[in-house]
Each structure stands twice: as structure tokens, then as C-alpha cells.
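S.K.: Assemble the complex: chain E is given as a structure, and chain Y must be docked to it using the hints.
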Amino acid sequence: MEDTICAIASSLGVGAISIIRVSGKKALDIVSKIFKGTNLKEVKSHTIHYGFICDKDEVIDEVLVMVMRNPKTYTKEDIVEINAHGGINTTNKILELLLESGCRLAEPGEFTKRAFLNGRIDLTQAESVNDLINSTSSRARNLALNNLKGTLAKKIKSLRKEIVDILANIEVNIDYPEYDDVLVITEDILLPKLKDILNKINKMLNDSKNSKFIKEGINVAIVGRPNVGKSSILNKLLDEDKAIVTNIAGTTRDIVEGSINLNGFLINFIDTAGIRKTDDKVEKIGVNKSKKVIKDADIVIVVLNGHEKLTYDDEKILKSIPNHKKIIFINKSDLKLKINLPNKYILGNTYSEEGLDSLKQEIINKLNLENISKDMTYLSNVRQIDLLKKASKSLKDAIKGLEDGLPVDMVLIDVKSAYDNLGEITGDIYKDELLDTLFSNFCLGK
Amino acid sequence: MYDVIVVGGGHAGCEASNASSKMGMKTLLLTMNKNNIADMPCNPSIGGTAKGIIVREIDALGGLMGIVADKSHFQIKMLNNSKGPAVRSLRCQADKRVYPKVMLEYLESNNNLEIKEGLVEDLIVEDNKVKGIVLANGEKIFSKIVILTTGTYLKANVLVGSKSTPSGPHGEGRSNNLSDNLKKYGLDILRLKTGTPPRIEKDSIDFSCMSEELGDDIPLTFSHDIKPIYDINKQQKCYLLYTNDKTHEIIRKHLKESSMYGGYVTGVGPRYCPSIEDKVVRFSDKERHQLFLEPESIYYDEWYLQGFSTSMPIDVQEEMVHSLKGLEHAKITKYAYAIEYDAVSSLQIKPSLENKVIENLFTAGQINGTSGYEEAAAQGLMAGINASLKLQGKDALILLRSDAYIGVLIDDLVTKGVTDPYRMLTSRAEFRLLLRHDNADLRLREKGYEVGLISEEQYQRLLNKKAMIKKLLEDVKTQKLVITSDVKKCFEDINFEVPKKTMTYEELLKRPEITFKFLSNFHNFLYDEEILEQVEILLKYSGYINKAYKEADKLQKIEEKQIPDDIDYSKIKNLASEARQKLSEIRPRTIAQASRISGVNPVDISILAIYLKKEYNHE
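Just so you know, the sequences run in chain order E and Y. The working numbering numbers the first residue of the first sequence as 1 and each following residue consecutively. The working numbering numbers the first residue of the second sequence as 1001 and each following residue consecutively.
With the rest of the complex left out, here is chain E (with noise of 0.2 Å):
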């Protein structure tokens, strides 16, 4: 990590400035070399200086450098970033110039990466770093930028000192039996506070599958028999045409995705092969694939036809699918409605748009998303989420042992592992394989 590097900070692609980052030792005699303007070896740091780049004696693009110096920077290397003007061709220029002068290219995360081990951000930090970058909502950004403030990492810290002060009295019962001035902790003060540290961890999982909403978006599957109008219903509510629609059963094979942004929610509409007995084999395929999206889906929009009653196949797709997650949409209300249905359902069609809005109103509403919590400080990816379940069942298997009758002492080996746990998410316990893993899911730049 003796090596400065360099990457283009901003995205690449036409805009009207583009950011190259240089961070590293080097990052000021570096930069000095292409630069032309004040002596940036000598300006305070954390101010910003007007100049050129030069090949040479060849201008490449006039300039804003923004000098920061260690250790108040985001790598806490010294940092030198070039405003440029736009332009693949110019910024890749100017990328070039600084590799020819003795800069690495960064590697995927490397900027972050460098954050992490120079002390400047906890593990949960550096992650969401990767989140903010692949946002792909409002939400997601908040989501993302307040595990960035450590917010995350406090809560997880807090829930360890609880633990850690449970087993420290303990240990002091087993060292010193004798004294009477401690509290002897036992079994029945011992397993309401384990229940309730289980109780917020469970909370915090629960919550993180709201942080999935965020971060990845709600996958929405439209699914019904052949020729009802799901693809239409699709069309509209994505409102372009991304959908083949045909009057012909079974001309939707492939799963067709679109995305909507509902109250700062990416939703993704995924209209599925119409589900039926079928020996097309191609049609087959589609069928399948239908029923995993179903599985895999936060919410399946039934699509019945209005005009028809209501076959085999349609109580067949009705009783597969969970009431949780289930939304039934009567389609083709403009005809003569010939259904009876029991259950509560939405009635529209795609002419007239009726029933649309309430349609995505019952999305909002099923996975009351009107109520998740604006704090948002959840576990954000699946390595936080996994080891927050080791760490959930850890203290399951305490609270067990302490009902089947075991000593306090011998229970205290699942208690120690789900501290571990929870160490190991904000990065304060070692784990060989971490780092690695880790970084290779940073995006470049950052």
C-alpha cells in the first residue's frame, strides 16, 4: 500500500466536469508534475488551486486541483482531486498522464479499502460506502449514507456491551464464589436479559428485510392464466410498451421486467409466462420460470378475467400463493363482469386505467411501506445479515440450554460466540477470510 493511486472519481460518460482522485504519498509530486499553476507542494492543504494539465508543452485541459493533505482526508493519505472538463477523451488523457508519471491504477474499492485499514471507518462504514454507490433510490442513498455516519455500527456496539456485561459479572461469580458483594447471576436473571438482547436482534433482522425493499427495490410478479391481460396490465403500469402483447395465449415466455419508483421505492414488475397445463416445450420453460418468481417475489399480483367465471387453473394460481403477499386484480371491467370471488380484490382494466391506482396503493399498503422507519440504520447486505443470524441463533441455543437445565457457566460458550458475532460485523474481531471477500465487492473510484 506504499504505491499512490489514481481512478476517475466521477462516472464516466458525458458530463460537464469529471473527477480523477490521486491518493498516496506521492499523490502532490505527482500531480506537480502535470500541472501547471501555483506550486501545489507548497499550497495549505484543503484549499483549491486554478491551472492546466500539460503533456509537455501541450495543454490538455484547464483545471480545478483540490489538495488534501493527511490525515484529514477520506483515505487519510494525501489526496489530490482534478476537476476536469467532461469528455471520455479528456479525462482518459489526463488518467494516462498521471499512470505515465508514477501512479497506479486503484484497484475495484481500493480508495475505501485504503479508508478501512488506515483506520478511518469501521467495516459497516466501508460497506455502505458500496451501497451509496450502487443507490439506486432516495431511500437507498439514506439508507446507505447513515450507515456511512456509523449509525449502524453504535447499534450493533451497544447490544455487545449489554452482552459483554452479562458475561463479565459472570465471570466474576465463577472467579471469586466466595463474596456476597456481587450479584450472583442465575438462571432466572439470566434468561430475560438474553431474551431481550434476542428480541432486539431479531427486531434488527426483521427490519433488514425492509432494508432489502431499499437498497435492491420490491420485486412485484404478475402472474395469471394465458390471455387475461397481464402484459397489459404491465404496459400501463410501467407505462411504455416493454411487454409483447397479443391476443394469442402463451406469447409471453420470458420474464419481462420494468421498474417504477413508487414513494421512493424501486418496484420491480415482473410479468411472468401465463401459468397452465402445457406440453409446449419451449412454453414450459416460461411455466417454470413463472413459478420461481413467484416464490422469489414480495408480491404477486393475481390477474383474473372479469368476463370469464372462474376456471381450474385460476383457484390453482389463487391457492399457491401466500395471503401475505397475495393482491388479486379483477381485469376487464369494462365487460360484463361474470366472476364470483369470496375474496378481497381489486376491480379495473387497462382501457380505461380503472383500478390501477389502487393497485399500487395495495402495494404500498401490503408491505407497509408507508411505515418504515425513516432512521433506517439496518443490515444492509448479506454478510451482516448472516452473521447477525449466527449470532440470533447463538443465543438461541443459550436460552435453550438454560431451560433444559444446564449451569450458567456452560451456556456462557453460545453467549461468547454471539458477542463474536456481532464483533465480527463491525469488523472489531479478526476473521481470516473477511478482507478478502469484503473489498472485492467495491465498485471502482470511491
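Treat the hints with caution; some may be incorrect.
Okay, the calculated bits of chain Y under chain E, using three or more residues with CB under 8 Å as the criterion [to be verified]:
hint, region
1, 1083-1094
2, 1277-1290
3, 1602-1609
The hints are simulated quantities; they were obtained by calculation from the structure and are not laboratory data. Just so it is clear, CB atoms sit at the ideal spot from N, CA and C, and this is done for glycine as well.
M.R.: Relative to the frame of chain E, chain Y by itself:
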């Protein structure tokens, strides 16, 4: 010319000289006063939480402390008996007159061991290699290896109030120059402090207002080799009493007169054994503190006032003691004192207890910064074993953290160093479920046999025990309890849930409430008590024991990630400066050891791991 010279006849020195002489080394034990061999200058007890397990381990490896304690105590009990088997530990009240006598008999029975009186003031060192010692009278004695077990005698000062006397415990002499000479040879020296409470004349104590503390009513031994030889019904009592408002008031009033609070002490005292003034100051909200009165010996009239160690001047001590209920008219036979002494930095010691700076020099006990007889004895034993192994050209015996408390003790010393006297605690052992009182022999006896401290006969007994455990495990797996109406009644009589169907004894024993004792109502298990106990523990806690083994395996894996000896920490960029300095100084052998160094953070370990991967193609 000796193979091994052991300097100091305390608990470390006894074990060291016994081990090396038994392993065939011609050994000289140097002591200032032969009458003080195996002396117990502080509390009259051996064992205690975690410490009792250390004594079992010493015995399993072939050391003496366990059997000598068994032959010299007048009370013994199992601590934490109401808790799980992993944290049970023995403690006995050892007779201060008998213990040293029995120990001396054992030492004198060794043909290879010579005991000599003398005060060591210097080492003979050539090319960073020790060649022998120099006595105060100038006499030089040569040896291949020197083991220093000098206890608290290096530049010792005894402190009472503002009075400081250059002296070892009991008014013995001290070594004035040895620590300065060690410094000269390149060893880092630190100054530590410890203390001892006053002793009270028995006849002046009113025991009627104190509660009795009794020994257990079942026979117990530290040793794996002998049956109990004491009379359970003739155990001596100890007593529990408390400090009160008046005591605390006196202490607060005179605080500045104590050596500690008056600023007369430079050494660092043990956190885990604070003086009474420390307790009163640090826990000012506590209305009272527990104290124990323990007889020092059945041959003496002196009682030890545990929990009341102090460095107050003697007139204040009188006042303090007389404020205690039952001690209003107490006659103090020995005043409490603090003692400060020099120790070497344990970070300069290898896991074999050999010094990193001076070859063939070993140190053990309080000189390494520990506190306690048991911690000292354990190190003495390991130093004696490893000195002998080195002379035999064999690899050192290094116990892992998952092998023994002794492994935890030494790893902590050489990895973390000490700032205050180190006391073993169960909480220091992450694998304490594996490091039990009951399985010390199963864990360690084979190692003792391999180095030559365990006899053929003892070893055969171990093999036999292992075979019996295996057999009983098979028995309970195959034999079943049929639920007849009689059986049913037996369960119901003591409110146990009646099994719904025929079950194997193994299945039954996995239930927390069911013991072999209860099962003896239905089936006669013809096994020794220790076999039954072992199998019961293995079955009842198998889930947790397996978890612990898994964790130990995981640690073992990173323990195997060796750090090359020639690593240059200055070349690893991005290490925090504290981590770099600690790593350079301690030079851990493995990534696992590195991760235990305080001040080395997980991030530093990651950087180190990445560096090793890159530079050494470390898997």
C-alpha cells in the same frame, strides 16, 4: 559443573529443580535459607478458582505441588460445586509448617539434586550465553543452564507506612545486584508490588460473632495418585467476617499514611488482590467488605486475616483490626506489609520460558511478573522440563491454550506481558470447558510420561482409566432401562419426568437431572467414581464440549499460520505504530498469537495476514 542451577527455593524453584533432577540433569538448588524452602509467605492456602486446576495440571505432568498439598492440608473443598464441571476447582488450607517439610523431603529424595545455601548476585554470561552464577561471597558456580526463580527477592523493599526496609519477606536478605546485572545484560526490568495482611493471635479472637467456613464432607485430593489421607471430620474451620463503617472511616482518615497512598511505592500492585485501602477507595459505595480468618498451621497460634492486606503504619493497623467485630481485643502477631521487587519483562521470554536475550537462561515465577504459589509452581515445572529437554537436544514442551491453564498462563505472559502481577482466572481461558479439574490427567499425563516425569506405573493407570471410560461409554450406549412400574415409581418419587419408552442409559444420562447415582437404583455400574463422573460429564455436556473442541480446532488452524522469524515489521506499511512496535518487540510465532497482543487491532492483523500472503505466499 552442573547441568542446571536453580536460583531460589520457592514454589517455582522446587518444581524446577525437582523436574530437572528427575529428568536426569545434575541439578543445584541455591537458596538463601534452607528453612525457607517452599515457604508460604502469604496466604495459607493452595488452589482456588482456576489455580486449583493448575495444581491438578502440575500433578498430571509429574510435579509435586498437588501431592505435597494433599499431605499437608487441614481443610479442603471444591469451589463452584453448584456450577458446571468446567469451573470447579479445589482449594485447601495448607499447613504452613508441614508443607515446606514435606516438600523438602521430596526434594532430598532426588539423587541428582543438591541443595546449597547462598545469595546469588550475578550471572556468568559470555556471548549472550549464561555459563553459571556468582555468589555474594564471590564464589563462581558453573552450569549449562540457569533457572532464576527469585520470587520477590530482587532488590526487595518491605513497606509499612512511610517506613521502607531493604529486605525480602520474613526479614530475609535480598539480592541487591542481580537485577541491575540482568539489566546490564540487556533484560528489561520492571518494578512490581504485592502485599500481605496482618496475622492475629488465635486466643485473642472472638470467633462467636463470625460464621464458620467448613471443608467439604467428601474426600478430595489434588493428586491423581493417592487416596485421601486426611480425616474428613477433623478438618479445621475458617471464619467469615466483615469490615464496617468504623473500619472504613479509620482507613479514609489515615489514607495518606499508607505506603501506597502516601506515594512511597513505585511498584505496580496486583489488580486482582487489592489492599483493603484500595477496596475502600475504589468501591466507596460498599458498606462492608468480606474478610476471612484462616489458621496458618495447626502447630502455630497465628491466624491469617485474608482480604485485609495493607501498607498502613502499625498504629493505624492496630486501630483498623480492632474496629472489626470479634477482633476488638485482637493481638497482632505480624503486621501487614507491602513489598516491592524487581521482575523481568516477560515479553523477552520464549514460550519455553528461556530468555530471548540470554541463551540458556530460564526464568519462572514472580520474577516473570506473576502472583501466586500455583502460577509460580507451574512455570517452575515448565522451566525445569524445558531446560532438561534443551540439554537432551529435544524440542521444548509448549502447552497450547486448549491444552492447559498452564498453556494459557505462559502464552499470556509471553504475548501480552504484564503491567501488574498476573493472577490466573478462569475467564482467561477461552477453552475452559476443555480445561477441567476432572480431566487434567487425561489431558496432560501422557506428556508428562513422554518427558520422563511420569512413571511407567502411573502411565499404565492412565491407560487403564482411558479404557474404562471407553468401556462405560459403550455400556451405556447399548444397555437399556425398561420402564416397569417400579422404575416409574422411582422417577415419580423425586419428581423426575418418567421416560415414555425404553431408553438407553446414554439417552437418560443426557438429561440434566439424571445421574449415575440415581440410575444405581436400577442398574449396578461397577466402575470407580472417577470413571462414572467422567462419563457423566462427557454425555451431559457433549453438545458444549464438542463446540469447544470445534473452536479449539479453528484456533489451532490459525495457530499453525506461522510468522517467519526473519519478518521485518518496519517493511509492512499501514501498520499502526503501536502495533508495529509491539509486534517487533514480542515477535509472535503465529498469526493467532499476534491477534492476542493488546494494542494490535484486527485491522493490523488483516494487514499482517495480507502482507504474509503477498511476501511469503502464505496460505
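S.K.: If a hint holds in the structure, say so; if it doesn't, say that too.
M.R.: We went through each hint and held it up to the structure:
1. 1083-1094: That given contact holds, which follows from 4 residues of the region 1083-1094 of chain Y lying within Cβ reach (below 8 Å) of chain E.
2. 1277-1290: This one holds; 4 residues, not fewer than the three required, reach chain E with a Cβ under 8 Å.
3. 1602-1609: Our answer is that it holds, as 6 residues pass the Cβ test (under 8 Å) against chain E, meeting three.
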